[in-house]
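Just need the whole structure built from these sequences, with the hints factored in.
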Amino acid sequence: MGRLEEYIPIVGRGVIDDLRALAERLKGKTVQHINSTAVGGGVAEILTRMVPLFQELNLNTRWDVIKGGDKFFEVTKKFHNALHGRPEEINEDDFAVFMETSINNMNGMQYSGDIVYVHDPQPIALVQKKSDNKWIWRCHVDVSVPDRVVWEFLYSFIARYDAAVFSSPEFSSKIPIRQFLISPSIDPLSDKNKELPEDMINMVLEKYHIKKDKPIITQISRFDRLKDPVGVIEAYQEVKKYIDCQLVLAGGGATDDPEGIKVYEETKEKAGNDKNIHILLMSQNDIEINALQRASTVIIQKSLKEGFGLTVAEALWKGKPVVASAVGGIPLQIKHKYSGLLCHSVEGATFALKQLLNSPAYAKKMGENGKEHIKNNFLITRHLKDYMLLFLSLYCKGDVVYL
Amino acid sequence: MAEKEIKTAAEPFRFYTQLHLSELTGLRASNLPELLNLIKEASDSAIYHHTHRFLLQHQYLSPEPPNDFAYWVTVALGEDCLGEKLASIDTMKYLTIHDLREKIVATIEAYLKACPNSAKRFASEDEVFYLIKCVSFIMPTAYVTNDLRGFVEILKKITIDSIYFHMFEARLRLERKTNDFSLWIEGMIGDKELAGKILKLDPYTYTLEDLRKTIIQMTEKRIG
Numbered sequence: 001m002g003r004l005e006e007y008i009p010i011v012g013r014g015v016i017d018d019l020r021a022l023a024e025r026l027k028g029k030t031v032q033h034i035n036s037t038a039v040g041g042g043v044a045e046i047l048t049r050m051v052p053l054f055q056e057l058n059l060n061t062r063w064d065v066i067k068g069g070d071k072f073f074e075v076t077k078k079f080h081n082a083l084h085g086r087p088e089e090i091n092e093d094d095f096a097v098f099m100e101t102s103i104n105n106m107n108g109m110q111y112s113g114d115i116v117y118v119h120d121p122q123p124i125a126l127v128q129k130k131s132d133n134k135w136i137w138r139c140h141v142d143v144s145v146p147d148r149v150v151w152e153f154l155y156s157f158i159a160r161y162d163a164a165v166f167s168s169p170e171f172s173s174k175i176p177i178r179q180f181l182i183s184p185s186i187d188p189l190s191d192k193n194k195e196l197p198e199d200m201i202n203m204v205l206e207k208y209h210i211k212k213d214k215p216i217i218t219q220i221s222r223f224d225r226l227k228d229p230v231g232v233i234e235a236y237q238e239v240k241k242y243i244d245c246q247l248v249l250a251g252g253g254a255t256d257d258p259e260g261i262k263v264y265e266e267t268k269e270k271a272g273n274d275k276n277i278h279i280l281l282m283s284q285n286d287i288e289i290n291a292l293q294r295a296s297t298v299i300i301q302k303s304l305k306e307g308f309g310l311t312v313a314e315a316l317w318k319g320k321p322v323v324a325s326a327v328g329g330i331p332l333q334i335k336h337k338y339s340g341l342l343c344h345s346v347e348g349a350t351f352a353l354k355q356l357l358n359s360p361a362y363a364k365k366m367g368e369n370g371k372e373h374i375k376n377n378f379l380i381t382r383h384l385k386d387y388m389l390l391f392l393s394l395y396c397k398g399d400v401v402y403l
Numbered sequence: 001m002a003e004k005e006i007k008t009a010a011e012p013f014r015f016y017t018q019l020h021l022s023e024l025t026g027l028r029a030s031n032l033p034e035l036l037n038l039i040k041e042a043s044d045s046a047i048y049h050h051t052h053r054f055l056l057q058h059q060y061l062s063p064e065p066p067n068d069f070a071y072w073v074t075v076a077l078g079e080d081c082l083g084e085k086l087a088s089i090d091t092m093k094y095l096t097i098h099d100l101r102e103k104i105v106a107t108i109e110a111y112l113k114a115c116p117n118s119a120k121r122f123a124s125e126d127e128v129f130y131l132i133k134c135v136s137f138i139m140p141t142a143y144v145t146n147d148l149r150g151f152v153e154i155l156k157k158i159t160i161d162s163i164y165f166h167m168f169e170a171r172l173r174l175e176r177k178t179n180d181f182s183l184w185i186e187g188m189i190g191d192k193e194l195a196g197k198i199l200k201l202d203p204y205t206y207t208l209e210d211l212r213k214t215i216i217q218m219t220e221k222r223i224g
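Protein sequence lines correspond, in order, to chains R and Z.
Using my numbering, you'd call the opening residue of the first sequence number 1 and step up by one each time.
Using my numbering, you'd call the opening residue of the second sequence number 1 and step up by one each time.
Keep in mind that the hints are not guaranteed to be accurate.
Subject to a maximum C-alpha distance of 27 Å in a straight line, what follows is the list of computed DSS-like cross-link-like pairs (lysine-lysine) [claimed, not checked]:
no., chain 1, residue 1, chain 2, residue 2
1, R, K174, Z, K120
2, R, K78, R, K270
3, Z, K213, R, K371
4, Z, K157, R, K371
5, Z, K85, R, K335
6, R, K375, Z, K156
7, R, K397, Z, K40
8, R, K385, Z, K213
9, R, K174, R, K77
10, R, K385, Z, K157
11, R, K375, Z, K213
12, R, K194, R, K364
13, Z, K200, Z, K85
14, Z, K113, Z, K93
15, Z, K157, R, K194
16, Z, K157, R, K375
17, Z, K157, Z, K221
18, Z, K156, R, K371
19, Z, K85, R, K337
20, R, K385, Z, K156
21, R, K174, Z, K40
22, Z, K213, R, K365
23, Z, K177, R, K397
Partial pick of chain Z residues on the chain R-facing surface, computed with a CB cut under 10 Å [said to hold, decoys possible]:
no., residue
24, I138
25, T141
26, T159
I should point out that these hints are in silico values taken from the structure, not numbers from a laboratory.
Virtual Cβ for every residue (Gly too), placed ideally from N, Cα, C.
Here it is, written out as structure tokens:
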């Protein structure tokens with residue numbers, strides 16, 4: 001049995017039939033994905049799951065990763081922060097480092113795709129290798145209020161692509177190429193999202209010395225200032241004045257994020273000696289993340305900026321009540337007071353956490369609604385469909401296309 | 001007991017499906033006059049997106065604000081009265097996107113005339129309205145039927161995208177003036193009564209799963 005068949009009990013046979021029909025219409029095309037890291041972070045995670053499924057659909061798909069040294073990734077991290085609107089000092093040397101590595105990658109990589117799909121700013125300059133094939137730039141970051149200098153630098157490359165893809169309408173602006181809205185997705189069959197037996201969950205809790213004697217509030221994310229782990233601790237400390245609970249802050253690092261350790265230390269410092277705060281710097285272990293999410297009473301995602309915030313979809317898929325900031329793609333996943341609670345501040349997060357912890361029936365209903373919303377809109381099968389429609393749109397004109 | 005005789009259609013019915021991709025425009029509105037201009041100048045595909053996307057994205061949920069314009073003026077601008085007027089526009093009355101757009105424009109213009117101060121209300125930065133258009137991809141499925149028994153069996157297993165296509169998209173976006181099911185049942189089966197009953201449904205007030213169930217029940221009752 002192919003892996004696609006395994007999705008039928010979740011999404012229905014018709015959805016898989018549609019995927020096969022779309023793939024048939026792309027027969028003979030090769031798609032080449034390019035990004036900056038093979039492991040860690042949402043992009044690598046999605047591609048790891050999607051590429052084999054595209055191959056099973058007989059859509060010739062390959063995935064290449066650019067090479068870059070510490071200096072390059074320090075610059076791209078600055079770009080990342082600046083695109084999110086955070087002040088960064090970026091000088092001519094930084095742009096030079098970026099271009100030097102880009103040129104090395106341009107010369108060291110084969111571009112065999114009929115469609116070349118470039119993810120995020122790190123490999124954006126590769127478009128200079130564009131010939132008569134189609135190139136798509138996929139922006140996974142929040143560019144609603146980008147630093148103008150960095151945006152204009154990137155814009156000179158973006159304009160050369162055939163199409164751009166964003167995760168939220170608020171990231172769109174007037175650009176001279178077609179732009180599409182495609183949300184990322186989660187894979188319900190992956191280690192991170194599949195059902196887990198209770199004893200497995202308990203084992204993970206024991207490993208990290210987390211007891212089930214009080215409600216667990218959890219934020220799963222990289223140690224990154226934009227995920228505001230310090231703000232999460234502040235909200236927890238306010239909640240703790242009224243409700244005896246514990247906090248889990250867990251996440252790993254990505255190879256293209258040199259700031260992680262620094263933020264981890266800041267978070268530890270903020271937590272002080274509170275034995276009910278568990279700060280877990282983990283190596284990539286999806287089963288453990290899954291177990292921590294499933295063991296949680298409430299999941300929080302108090303990001304200051306967010307490309308999309310897949311951890312929210314993961315939590316909702318597990319039927320968990322979620323408190324999350326109304327940034328980036330999060331409002332697409334949570335309809336306030338219906339499938340979770342949105343917040344804009346530490347105070348708002350505190351109030352929402354207290355509501356959910358004190359009203360289990362209300363929390364349960366929101367978790368159920370959230371799961372249904374994720375099932376209909378944010379599973380990998382929808383993502384595969386959107387990508388294939390996007391590829392087809394490169395070859396078809398008009399808003400109504402007969403296939 | 002002998003099974004009731006099922007009439008064979010003069011021509012078979014092939015089920016189609018539609019798949020949507022959302023295309024961003026980079027256009028936005030922060031207040032009512034800006035929204036009005038966007039609606040006037042937007043492509044039919046954008047009007048279609050903002051009046052229909054909820055059906056598929058929140059198909060399990062009813063009631064849901066029936067269109068993005070109604071939702072936005074209510075939530076982002078606090079214009080509850082206008083929101084109610086826009087939400088209650090009877091889409092079934094309109095046979096083209098053009099006519100539907102005219103009605104939305106007229107509703108907003110009348111409101112702005114009656115309440116000129118409403119033009120001064122602005123949405124906060126994180127609640128700006130973004131114009132999106134819908135690109136539809138239409139393709140045949142493998143499902144074909146020659147009679148109502150086959151029709152009902154396929155209806156039970158076809159995707160909701162297919163039901164959506166024949167009930168909503170074919171009528172309004174492709175301007176067939178009626179839904180495909182009624183068209184075939186009347187024209188090819190000759191069952192005016194069943195065709196009329198399906199035509200009389202207001203599909204905008206059902207979730208897609210409820211719509212599927214309702215059409216199945218009506219057809220099963222008919223064929224006995």
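Cross-check of the supplied hints:
no., hint, result
1, R:K174 with Z:K120, "holds, 25 Å"
2, R:K78 with R:K270, "holds, 24 Å"
3, Z:K213 with R:K371, "holds, 23 Å"
4, Z:K157 with R:K371, "holds, 22 Å"
5, Z:K85 with R:K335, "holds, 22 Å"
6, R:K375 with Z:K156, "holds, 20 Å"
7, R:K397 with Z:K40, "holds, 23 Å"
8, R:K385 with Z:K213, "holds, 26 Å"
9, R:K174 with R:K77, "holds, 25 Å"
10, R:K385 with Z:K157, "holds, 19 Å"
11, R:K375 with Z:K213, "holds, 20 Å"
12, R:K194 with R:K364, "holds, 20 Å"
13, Z:K200 with Z:K85, "holds, 23 Å"
14, Z:K113 with Z:K93, "holds, 25 Å"
15, Z:K157 with R:K194, "holds, 26 Å"
16, Z:K157 with R:K375, "holds, 18 Å"
17, Z:K157 with Z:K221, "holds, 19 Å"
18, Z:K156 with R:K371, "holds, 24 Å"
19, Z:K85 with R:K337, "holds, 24 Å"
20, R:K385 with Z:K156, "holds, 22 Å"
21, R:K174 with Z:K40, "holds, 19 Å"
22, Z:K213 with R:K365, "holds, 25 Å"
23, Z:K177 with R:K397, "holds, 25 Å"
24, I138, "holds, 5 Å"
25, T141, "holds, 7 Å"
26, T159, "holds, 3 Å"
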